[in-house]
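Asks: Hey, can you work out the whole structure from these sequences and the hints?
If you read the sequence shown in our numbering, its first letter stands for residue 29, the second for the next number, and so on.
Keep in mind that the hints were calculated from the coordinates and are not lab data. Wrong hints could be hidden among the right ones.
Stated by the list, open to error - Derived DSS-like pairs: lysine-lysine, alpha-carbon spacing no greater than 27 Å straight-line:
hint: 1; residue 1: 73; residue 2: 130
hint: 2; residue 1: 60; residue 2: 130
hint: 3; residue 1: 73; residue 2: 60
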Amino acid sequence: GLRAAFCRLLPQPPTIGAAAAMPSTEAPRATKLFIGGLTRDTSTKLLREHFARYGRVLDCVAMVQPNGRPRGFGYVTLDSPSAAERCLAEPQLIDGRHIEMKRAVPGPTTAAVVYGSGRGGRGGPPGGCQ
29 GLRAAFCRLL PQPPTIGAAA AMPSTEAPRA TKLFIGGLTR DTSTKLLREH FARYGRVLDC
89 VAMVQPNGRP RGFGYVTLDS PSAAERCLAE PQLIDGRHIE MKRAVPGPTT AAVVYGSGRG
149 GRGGPPGGCQ
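Replies: Pasting the structure below:
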């Protein structure tokens, strides 16, 4: 009757499928390293080639000024913390120079920089979400 029809409209409890029942395998965390003391000739390509021997390089950049002049530092993102630890455990020589390495410290998020009003708060468009 009416009660049975009403019950069919109610959401059913979720069933546990095969995918949900399997234990989750946690993906390795990418680890970003700051690379300092680079020579003016050190390129992004050279950084990538150097750090590829420690693991998969997910991202790599030798920083330059807007006019194209090198800034003397860069960042390398490796696919796992263990790959980063192997790099940090031994002195690195790139372009004939011993370089400084440490874990990169996250800065402000791009969204806050792009959408911030400059008047404090947490960023986002002025007036909040409507």
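Asks: With reference to the structure, classify each hint as holding or not holding.
Replies: Verification of the hints:
About 20 Å separates the Cα atoms of residue 73 and residue 130, which keeps this hinted pair within 27 Å; it holds. Restraint check for residue 60 and residue 130: satisfied, since their Cα atoms lie roughly 9 Å apart, inside the 27 Å limit. Taking the CA atoms of residue 73 and residue 60, the gap is near 17 Å; set against the 27 Å cutoff, the hint holds.
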